[in-house]
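Asks: Here the protein sequences line up with chains A and B, keeping their order. Under numbering that gives the first Met the number 0, think of the first position of the first sequence as 0, with each following residue one higher. Under numbering that gives the first Met the number 0, think of the first position of the second sequence as 0, with each following residue one higher.
Since the hints were derived computationally from the structure, they do not count as laboratory data. Possibly wrong hints are sitting among the right ones.
All copies of an identical chain are treated as equivalent in the list; a pair is satisfied when it fits inside any one copy or across any two copies.
Unchecked claim - Distance condition first, Cα-Cα at most 30 Å in a straight line; then the derived DSBU-like pairs of lysine-lysine:
| hint | residue 1 | residue 2 |
| --- | --- | --- |
| 1 | Lys159 | Lys143 |
| 2 | Lys1 | Lys130 |
| 3 | Lys16 | Lys95 |
| 4 | Lys95 | Lys130 |
| 5 | Lys2 | Lys16 |
| 6 | Lys143 | Lys16 |
| 7 | Lys159 | Lys16 |
| 8 | Lys147 | Lys130 |
| 9 | Lys16 | Lys203 |
| 10 | Lys1 | Lys143 |
| 11 | Lys1 | Lys159 |
Letter by letter, the chains look like this.
2 protein chains.
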Amino acid sequence: MKKKHLSFSEIMAFDQKYRATFINSLGGFKSICLIGTKSNAGLSNLAIFSSIIHIGANPPLMAFIVRPDSAERHTLENILETNFFTLNHVNQAILKNAHQTSARYPREVSEFDAVKLSEEYNNNFFAPFVKESFVQMGLQFREKIDLKINGTIMIIGEIKQVIILESCLGGDGFVDLELAGTLTCSGLDSYHSTTQIGRLTYAKPSTWPTEVLY
Amino acid sequence: MKKKHLSFSEIMAFDQKYRATFINSLGGFKSICLIGTKSNAGLSNLAIFSSIIHIGANPPLMAFIVRPDSAERHTLENILETNFFTLNHVNQAILKNAHQTSARYPREVSEFDAVKLSEEYNNNFFAPFVKESFVQMGLQFREKIDLKINGTIMIIGEIKQVIILESCLGGDGFVDLELAGTLTCSGLDSYHSTTQIGRLTYAKPSTWPTEVLY
């Protein structure tokens, strides 16, 4: 199969939109979540993000990247104002609704209303969850890191509560995301469902991994 | 469908291994890449990472998270010593080989040899690529960010060259990762192939997204 080589100068010479599509594809399949927030004035906001990353389990920390000049800035403003946000996995039934949150709605419009998703409040948590999601997390803001290299911002939050489909939680703590219908994305706009190949045994120098059923 | 609620104190009371498995699952589907490096002394290293994240397209930047006390530390040492690394997507033919790189091999062992993957050098780039991968990137180290919150480290690199299957590159810059056989993972050890649902149109407040073929 023929491989194509692209140099730095060839990549930089791409049209801006072409390059954005290209580079966004190269990162591989990405986690997508709807981030739910609310301003102190009570206006809710919902936005789709594909830059969610696991930072650690003790304490449980997740992070995401924000581009401050984009439709994502309302999310950032609400988190810095109130300290709370939710992460909600996207399944096929709500895919188009989720994608539609990336439209540039005015500040006074709640995307929950605009894209027809249900705002849900659990256990007195300040930020709104997406009722139609089967994996929901409530997080408290912990740290903002300015990435001076390109003006983006990383937000780190601590998981304060989790709501998941009971049937998804395995005996060893593994959450079956396929059972929850969680989707993944590639590039800027391509969405994918998954098929599990298997879980592999913990790697040791002296053995070769095999598939395991827990 | 019944949902289960887990509070922060319940999560923190989990057994450590159970919590690691649980929290690692919650981030959703993750990008997996083999990171190839080489020391100045000429010893190559290869390690699987599931914390790859897109930082920006202009310039093209990618980042990943390293846990310095793990098998990943040789990767970190080589990058800080030499400034170069490669990211190589994982396909099903090399999945077990890729997973096996996470075993704690001694410093003097090259994982390329130990897991039977082919070290490839392209266009005088210092760091080794994985020949069996169909999406390969060569990166130059740009920034190290210490996440004091839990002692992990974020490494940001700039994409200096890309080698991909020619047939994967679409007319608008989109890279068809399914054609390249790129896999995704969830949790610590679960690997998945994907099936494209579709690409959705750019979201605008006045319209509803539809699927498009580019």
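Asks: Output the indices of the hints that this structure fails to meet, ascending.
Replies: 8 and 10
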